[in-house]
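**Q** The residues making up each chain are set out below.
6 protein chains.
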Amino acid sequence: MRPSKRAADELRPVTLERRVSKHAEGSCLVKFGDTHVLCTASLEERVPPWLRGQARGWVTAEYGMLPRATGERMRREASAGKQSGRTQEIQRLIGRSLRAVVDLEALGERQISVDCDVLQADGGTRTASITGAWVALNDCIEWMRARDMVTKPVLKDHVAAISCGIYGGTPVLDLDYLEDSDADTDANFVMTGAGGLVEIQGTAEGAPFSVAEFNQLLELAQGGISRLVDLQKMAIL
Amino acid sequence: MRPSKRAADELRPVTLERRVSKHAEGSCLVKFGDTHVLCTASLEERVPPWLRGQARGWVTAEYGMLPRATGERMRREASAGKQSGRTQEIQRLIGRSLRAVVDLEALGERQISVDCDVLQADGGTRTASITGAWVALNDCIEWMRARDMVTKPVLKDHVAAISCGIYGGTPVLDLDYLEDSDADTDANFVMTGAGGLVEIQGTAEGAPFSVAEFNQLLELAQGGISRLVDLQKMAIL
Amino acid sequence: MRPSKRAADELRPVTLERRVSKHAEGSCLVKFGDTHVLCTASLEERVPPWLRGQARGWVTAEYGMLPRATGERMRREASAGKQSGRTQEIQRLIGRSLRAVVDLEALGERQISVDCDVLQADGGTRTASITGAWVALNDCIEWMRARDMVTKPVLKDHVAAISCGIYGGTPVLDLDYLEDSDADTDANFVMTGAGGLVEIQGTAEGAPFSVAEFNQLLELAQGGISRLVDLQKMAIL
Amino acid sequence: MRPSKRAADELRPVTLERRVSKHAEGSCLVKFGDTHVLCTASLEERVPPWLRGQARGWVTAEYGMLPRATGERMRREASAGKQSGRTQEIQRLIGRSLRAVVDLEALGERQISVDCDVLQADGGTRTASITGAWVALNDCIEWMRARDMVTKPVLKDHVAAISCGIYGGTPVLDLDYLEDSDADTDANFVMTGAGGLVEIQGTAEGAPFSVAEFNQLLELAQGGISRLVDLQKMAIL
Amino acid sequence: MRPSKRAADELRPVTLERRVSKHAEGSCLVKFGDTHVLCTASLEERVPPWLRGQARGWVTAEYGMLPRATGERMRREASAGKQSGRTQEIQRLIGRSLRAVVDLEALGERQISVDCDVLQADGGTRTASITGAWVALNDCIEWMRARDMVTKPVLKDHVAAISCGIYGGTPVLDLDYLEDSDADTDANFVMTGAGGLVEIQGTAEGAPFSVAEFNQLLELAQGGISRLVDLQKMAIL
Amino acid sequence: MRPSKRAADELRPVTLERRVSKHAEGSCLVKFGDTHVLCTASLEERVPPWLRGQARGWVTAEYGMLPRATGERMRREASAGKQSGRTQEIQRLIGRSLRAVVDLEALGERQISVDCDVLQADGGTRTASITGAWVALNDCIEWMRARDMVTKPVLKDHVAAISCGIYGGTPVLDLDYLEDSDADTDANFVMTGAGGLVEIQGTAEGAPFSVAEFNQLLELAQGGISRLVDLQKMAIL
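So the protein lines, in turn, are chains A, B, C, D, E and F.
Residue numbering for the first sequence follows numbering that gives the first Met the number 0, beginning at 0 and increasing consecutively.
Residue numbering for the second sequence follows numbering that gives the first Met the number 0, beginning at 0 and increasing consecutively.
Residue numbering for the third sequence follows numbering that gives the first Met the number 0, beginning at 0 and increasing consecutively.
Residue numbering for the fourth sequence follows numbering that gives the first Met the number 0, beginning at 0 and increasing consecutively.
Residue numbering for the fifth sequence follows numbering that gives the first Met the number 0, beginning at 0 and increasing consecutively.
Residue numbering for the sixth sequence follows numbering that gives the first Met the number 0, beginning at 0 and increasing consecutively.
It should be emphasised that the hints constitute simulated quantities derived from the structure, not laboratory data.
Certain hints may be false.
When chains are identical, the list treats them as one kind, so a pair holds in a single copy or across two.
Unchecked claim - When the alpha-carbon atoms are kept at most 30 Å apart in a straight line, the in silico DSSO-like pairs for lysine-lysine are as follows: (1) Lys4 / Lys21; (2) Lys155 / Lys4; (3) Lys232 / Lys21; (4) Lys21 / Lys81.
Let's have the full structure, built from the sequences with the hints guiding it.
**A** What follows is the structure, encoded as structure tokens:
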């Protein structure tokens, strides 16, 4: 039995609330249970220096946590003067995941910066971030389309993400913080609406895991992401 | 006529929503119109090194803005590697303002860190921060009192803050971003529930201002802060 | 009775020594008693990026303290790798104060950087800095005028600054370090030669202060700044 | 056909040269073809602060690249003043991988720091690092055993790593730089001598990949790591 | 003929003004012509961590330049966020030079920090710094002696420094900025009162120099330092 | 008797191995006994900003040490976030030494960056770096000549470096770490093939040294550098 009393393949309650920012071209407050992430997509009429003059755009992501998003207050990264390795790893993952479904040429020579700021953390902040970031990104692109800034489709598909783990010997979906702390294996999956794999990250927290176990996690993830994509579709109706 | 169509002495709609954080000992989401600040108060069983062994506590504050809290996306301070002068100036102001109403000996040898993170900015982020921070701080101290960690009163009074300015020749209360950009003089006032002055900051944006003008701003601020203190009282009922 | 035995409205001995730097276009060694600040004004034929091509100039200021300007040696900021919040707050104040009396269009597309370096500190370093910086700035502009680089008046007025505080219940002018450490309220005023207010900063160090008390401080400041402006006028004869 | 003319399941020539450092307790120069990494294991009689007094040790890793290890010279991270996100991601991976096979209690309250410095890069630097780091770590522990500093087994198993990818539609093992630049999918696998999975990281570089494709990569990795473990066994004879 | 019209072996006018700081235990404003350096010696009742408990003290030095000490304003190092290589090289040299004449055991477990801040630069700032720093250090130690903090002699000898160079083919002493910019070889010598060599640094700016030329520079330096030591002796009478 | 049992004027075994890097235009692995430094020379088609448009090139150097190059592991500078004063001092010395024999106009508007990374340290890392860097630089220039990028001679002469010191009262050549730790005086000499002096650095570690002692060190250095230049000549045959 999971501490959260959820079934092994049960997501936490997920909500995707759009248009939560007065300023951003696209925005989404995503909640995976008690994990709350504010995602904004900001359009900028410039690209990184190494991409100039190539008639292609760029999508990048930054990730942050409010100092008391967590059970114990953590030092503010702006005050520490640098981003932790974990922060950089997560924001690189979000950026790669989003770019996997973006047609950068259709976007034109512009950059969209997606900021994922964790207001409250209870496990799964990176997967919630990716799932919510797609909604913010979609709204940003629709904002551009309404102004005739893009004509061809820019987003090729949905992208969403979920974590899985082996908790007390049982593969389970969408771990919260308590479950994650006790899990033997922790894996994150990023997949498209069509079911293609974009990112797989699996880590043995305790004992190594077997190929058979890994395949069970992958199967759980396929089910979970399919539901997340449905929720994205409903959100942008 | 102000762009916001408010009367010269009219506050924006103000809300103070408590208990918005699952983890923090005290928290408050404060809104001054479209300016939204998430304030959390975190209790830590340690004090800064220079205060150790003196049987007194400390209250400190940090301030941050999400990158797209503003009309144009700003660079994330954690990524830039340092906090701007403006950020440091504001967080020092918040800390001083709160400490003005705290009995640090009654608090005991502990630190309360108040984080004020601007989710959306439309002028007056520092005054909203101070006003909301007091509510989060009060809840943190009540959390301690419920656990018998403090016995004597720790908070000596309320503290709240408001901005004033001279817009189109007329002194007005609680400037939003549009008004602030056009104002000739910009002043921030921090006052206690008893009407004592804690901080005064007045700056000539264009032409210098006269003593008479400054006194008009001060009078407006007295009225506005009195209403903010009433709202704090209702919020903590 | 003040520790310095001065009357309540008495400035410390103030001197403004010009042309103390072989290299700078303008310079002034200002002394408010034992507070000594070396101010230099450096002309640079460039403006900050955000001001380019607008036919306007800029005046900026930097502030520093030698490590042993104070009673206890402080860590060198260059060695610590960053400027403290206090340093940034002060240099922003100096820059704003100077710009309040500069016609940036008459200056032309150039920048004047004013450096205020505290050689010895005994309270009031920011007010001495502003008062001396004006003299250095004036000399820099006269240096330009002698070379026909400016034709119209660039400085619209004098600007000077003084601190006030409530010491032992009595409002007093121009606090030295000893008085400042014991004062209940600390206020800094920046005013023009014409008596216009440029900056007001008042802080309750202990108990909050009343409007009546604040008005007494303001009145003291008006007298003190009037005398500082007279000293500036004599210095530049 | 791969540019390297290797069979799909063929490793590059791999060598593991021990005792290449006069100073380090354990060391290994690992070569995967033209990728050369110098791994040293340094014993330190202290643990990180959060682990003190728990009778357990720690194994950590740092990763670096000489500036001209690559085709184009890259900026030295020490000169840039910070480690890139990529560097931090890799050194966190190496550390986790090694700890997966270390009995931290048997190690005692000590830290072993493994440094992996890339002298020459041609793809697969992180997998070569992990594979060589295990050899350096093993020698460091044997150095301790010879001095009776450890008595029980500290290393529970081998650990090694390899990359796989889909190149021109075909799943291939151990990509060099040229192949990696053109591959559609890039995956890194870390496994133990017993065949347990420690880390899986798969990324779609172009189009998303299918579960079937991923399973082919996993199978290739199992073969490759099995051979790397054999090479480790021969190296430490 | 030198631009300064000085004879080849002629120092610039040198003055050593003591007790220029109200706060520092020892201080000296040293002038080598238009090069002005403020030296303060600060006593601290602590030593660096690696020296604790060894009944020995430490003398260290820091060096800085005011931004407009030079002909062109230079960026403030505190604002740049780091000290340049040149700054670090010079402050290491000053510290080594002073320690060469200090009996660290006689000093006791304390640190003296000597700060050398260049108020105005015209060549030879490092040699002026060392020469003035010795005077400040001597006064600091006498301050301690007057309080019975040291009993045995702490300073074993004088130490002073001078630059030499080959200007227009002629070896000359004590180069000012103009001469230094044109010199072919630049050398700095640090010597004790007894004529012992503490540091020699010679650099070919243009063509390499011969052993014969170097010996001529060394001879000039011996004469110059001998006069500087005489000036130190007169200064501390 | 030296710990190394070498004669007073005897170098350690020196080897200069070229073409050790697959990528760099020039490279050399230099060994002075157990001191091993990997030197690479990287051609870049750009010059520093202050040199643009002057039809001259630049040669610069960077220096680093692997964390466990030394007896005790040292903190990685990239992780510490800055280069130590020692590192900066050494890389400035290497750069100056190389430029002393380069015709920057013949190089054309390009930069060669020479990286000297110490794989293993046993004293004399800076002198080994300079000696090996010249070989890497020479190969880089020959690489350019083979591509008709330079036509005139770029290298005007050899440059090599050696340390000397007074060990147990006797002047000795090429100190290893053990000897260096015990030496009274430590001196580094950089000379050209023609015997011209490029850099002299002498430091009294204990008692000051006399002119006569210094001259003995200089004589030893002349002999040692002459042999190093011979080894360079043989290496590039």
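**Q** Take the hints in turn and mark each one as holding or not.
**A** Structure-based check of all given hints:
no.	hint	result
1	Lys4 / Lys21	between (38 Å within a copy, 19 Å between copies)
2	Lys155 / Lys4	neither (37 Å within a copy, 35 Å between copies)
3	Lys232 / Lys21	both (23 Å within a copy, 29 Å between copies)
4	Lys21 / Lys81	both (29 Å within a copy, 27 Å between copies)
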